[in-house]
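Colleague: Chain residues, written in single-letter form:
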Amino acid sequence: MKHWTKIAAAAAATALIGSAAIAEGLFAPNLSYRTGPFAATGIPLMNGQKDYMAMLNARDGGIGGAPIDFAECETGYSTQKGVECYEKTKGEAIVTQPWSTGITLQVLPKTNVDNIPILAPGYGFSPMMDGKTFQWAFNTPSGYWDGADMIVQYLESQGDLSGKKIAFLHLDHPYGKEPIPIFEQLAAEKGFEFTPIPVGLKEMQNQSAQWLQIRRMRPDNVIMWGWGAMNAGAITEAVKTKYPMDQFIGVWWSGHDADLALVGDAGKGYKSISWSFPNLDAPVMADIKKHVVDAGLSDSNETEMNGVFYARGIIISAILSEGIAAAQAEYGTAEINAEQLRWGLENINMTEERIAELGLDGMVPPFSTSCANHTGHSGGWMLEWNGTGFDKVSDHMTPNVDGYRALAAEKAAEYATANAPWPTNDACDAES
Amino acid sequence: MLADIFINPFIEMFAYPDFLMQVLWEGLVSGILYALIALGFVLIFRSSRIFNFAQGIMVVFAALTLVGLHAFGIPAWISVILTLGVMFGLAVTIERVVLRPLVGQPDIILFMATIGITLFLIGFGETIFGGENKVMITSELGIPTGDTVLEPFGGLLILQHLDITVVVVATLLVGGLIAFLNYTSMGRAIRALGDDHQAALSVGISLQTIWVLVWFIAGIIALVTGIAWGARAGVSFALEVIAYKALPVLMLGGLESITGAIVGGLMIGMLEKLFEIYWGQPLLGGNTETWFAFVLALVVLLFRPQGLFGEKIIERV
Amino acid sequence: MLYRTAGQFKTSYKADQALFPVRQDAILLGIIMVFAWVIFPFTASEFAFQTMLIPVLIYALASMGLNILTGYAGQLSLGTAAFMGVGAYACYKLLTIMPWMNPVVAIFLSGFFSAGIGVVFGIPSLRIKGFYLAIATLAAQFFLVWLFEKWAWLYNYNASGAIQVPNTTTLGTYVTGPLASSMTQYYVVLGIVTVMTILCINLTRGNLGRMWKATRDMDIAAELIGINLMKSKLIAFAISSYIVGVAGALYVFMWKGAAEPNLFDIPLSFEILFIAIIGGLGSILGNFLGAILIVGLPVVLNLLPDALGIPISSALVEHLNIMIVGSLIVFFLIIEPHGLARLWALIREKLIIWPFPH
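Protein chains in written order, with the numbering used here: chain A, 5 to 436; chain B, 3 to 319; chain C, 638 to 995.
Hints may contain errors.
For each label pair, taking beta carbons as the anchor points, the in silico distance ranges come out as [to be verified]: (1) 222(A) with 144(B): 49 to 55 Å; (2) 8(B) with 843(C): 20 to 26 Å; (3) 171(B) with 360(A): 53 to 59 Å; (4) 862(C) with 102(B): 35 to 41 Å; (5) 303(A) with 832(C): 46 to 52 Å; (6) 658(C) with 102(B): 35 to 41 Å; (7) 753(C) with 197(A): 37 to 43 Å; (8) 431(A) with 683(C): 48 to 54 Å; (9) 102(B) with 835(C): 38 to 44 Å; (10) 102(B) with 65(A): 56 to 62 Å; (11) 683(C) with 290(A): 40 to 46 Å; (12) 947(C) with 293(A): 27 to 33 Å; (13) 733(C) with 73(B): 50 to 56 Å; (14) 222(A) with 314(B): 45 to 51 Å.
DSBU-like cross-link-like pairs, simulated, lysine-lysine; straight-line CA separation at most 35 Å [unchecked claim]: (15) 651(C) with 868(C); (16) 136(A) with 730(C); (17) 651(C) with 987(C); (18) 314(B) with 850(C); (19) 868(C) with 787(C); (20) 787(C) with 730(C); (21) 194(A) with 787(C); (22) 766(C) with 136(A); (23) 730(C) with 868(C); (24) 169(A) with 244(A); (25) 246(A) with 168(A); (26) 246(A) with 272(A); (27) 168(A) with 787(C); (28) 272(A) with 169(A); (29) 787(C) with 169(A); (30) 136(A) with 194(A); (31) 730(C) with 94(A); (32) 314(B) with 651(C); (33) 766(C) with 868(C); (34) 396(A) with 246(A); (35) 194(A) with 246(A); (36) 396(A) with 244(A); (37) 314(B) with 766(C); (38) 396(A) with 293(A); (39) 850(C) with 651(C); (40) 246(A) with 787(C).
What the hints contain is simulated information worked out from the structure, not anything from laboratory work. Glycine residues also receive a C-beta, built at the ideal position from the N, C-alpha and C atoms.
Construct all of the structure, not just a fragment, from the sequences and the given hints.
Modeller: Below you can see the structure in the form of structure tokens.
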């Protein structure tokens, strides 16, 4: 009976040896979720990520000559499965992409011991922007606090905020609570009334109570931090209760084409802040079509590929590949290791020229990272639903990072104390 | 504090009667959907003493099959008929493969087996249909989608045509079901089996046929629930959580009682909404709907251990 | 053959009632102990520690707690995960309020909080029975998870609402937190689980165990022969919740390292119920067998395609995985509704009388 463990251990060993043997080049696993209640939003992202890497492998033979082994390990958004995947892949991997705030929080302290970078683009723990404390974590190109700040900036550009009522509809989960401190800080500064309205994981599809509350308080704006089935639920309820769509703004994870397609024209005017945009004319899309889709390597489909989330998947892989390329240039080897990739991710420089060179025109704003700045604070655009797709309705906005740098440092320090002894990268001080 | 609990909510209710009506209406619609799921549970429980946890996933599975078939280009109504066929096949398979070998096992074993079925159907459904959120084919089925805005007491009351349809269809379905159970020989056989297994068997009622039949009826109810719920928020596996809501409904109403399932569903639907809006959100930070139904059922059970309409539990030594 | 009992005579009642009436049982257990205490920890990889050895023990302990309540005392519970959560949050609060406290002591203490809450939610069992009682435990399940989410004091008001395990030491080595080595954590878990198992075996064989079994088999009859039902049921709730609470504290502090409230949601309760039922209700051994199956199976299934070199997408593996686990649950229920422990008992019986069929 106990021998089961032994068999499993043996199987584990063979599997690890097996994957090591296959993994020539760079092993960059993705802790994907194509199943479970959040699969709806996960699948296009995973497809975008995978297709971009497949395109690099087919077009350029990988990055700097080293092919990318972009294996997926399915988590179903479950923290437990995520940690299992992390343990399974960390031996060979140069990076871990946890794909959920829950998994990120759990893996974060381990990366210091295992020395492996976490890439959590646009999600995870916002104080991760403090690269000095979180040496191994990257939430490039923008964190939730950036998003919150930009949304408030946008609202302010539409009119004075003092005395206004803003409701914050969020998933009752670490992810949904992340931006609350920033909103509260901004509410005090700008004089608007801020009311968080939580949506439980079990209420995602049945939000009538939350929307009744919104109807009762008649807020001037509703900001949404939703995920998975919650987005579709909120958007349909908003249409049902006749909430004016142009006063409804979501974070980047709440701007999924398929969720809005449910309501179609009724959703016109809904906005979402985003650091990525699906520019179908960008050269990268043509390359993906030529090398991946036509070769039958893609799991995606036409509608999905036109959407915001697929494009975001491409951007995420592009960020990773830029990190890899930077590390390869610095260390003069194609086969970089996890530690070298960390340096690479700290030295991404996505200028307009570089973006054009990569064929990503108009798909991501320029940004750069450094030892102390692991986020990049790219800023983004406000996107608006036009009934069939999203349009850019603002210029490139940038977050006012100075407004919460102190708060980030404080929270990071708090985290470090709670997890003492916590190593910090004091080398960063010289630069910042 | 006391005023917030005992006085202010009622003042608000009277001050904005239109809002109160909206709350009650929303509660009624959710309550009907809870009642439908609970009805599927009750039918199966009465005839086989199986506490069928898989009812929730059957809702998802039926809705996915319908949408999936339609995506192949099959006309909507033919898809409905084919989906019913699939649900019948599912009922036969479950009876053959799972239930027949487990006849006579303790309740908890059968309960576990239905959780096994649930897991299997989740994996199976995701393999075939994928995990994306899908749009219910509402207009193709001829379900109206607009809304009617009333202005009672000078306020605002929005009634979705979809919700009205759900109420009407559910009422018809329940009426039909009660007629079926009372006036057809098959229906009487189901009730007989519920009353006394051995007596029913001895007068020549076939256990197997009846089990297939009740699972099929549960499948039909699942399809109706799936269409109704899917039209509100899309069809995805996140729907399976609504199965949990049916549990307190059942306990409150009584495990064997069809009336209980309906009354319990409506009560829980409306009370949880009222509690959430007038007490939960202002005082407790919201989201009380996750547990309110359970606590309510628990309190009722303390006074009536067999639920409101359940059969009195008689214990003999 | 291996289990021949010839030559082993019992000369006293005491010997007849011993824990190991057959010598081979003791030998087998000894071998398993050597594996658990010596061979596994020194041969296992980090992956094996994290996905098999540690979780199997913790799940087995949680299932043991549930088994006391459901398998021995006959009270169905669907709220195990919430009581694990109580243990975990209690342990977190103890260690953050009193950082000097030894983590192992904190883990043992946190069980008491869970026991207290367990008794409160156990009170309805005096009136409600069977599936109806499941509602009381479900109420606990949903209410407590909601409370973990809303009561910010529980997670020290941190923004994310999740708890992070601090680094703590005992005797100069890190026991909890990211700096602790898997081997240390494994030994701590193994030690605690061993102590708890010995305790449970003795409890269930003693006066309390008999009282519980009488309550389970027919509570009215038990009452008639003079068993105080209230005492019997509430003690079962208390002890069960204590064990479950300790398991919950171990779950977060020795394995997960961080927890968010919905970790303790109903899927975890069901997972533990599966372990208890597949392993065998009313059996201590069953919890371990069930845990090995339910925890180990998905891990092995996930590794299989890679190990065999079958190219298959990881999402499909996960789907197949869920399907296989679901089917196997049904399969095991059909072949042996009394669980793996009964299966082992049958095999053992056959071995003892081998080569004769009866």
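Colleague: Please name the hints from earlier in the document that this structure breaks, with their numbers sorted from lowest to highest.
Modeller: 1, 2, 8, 22, 32
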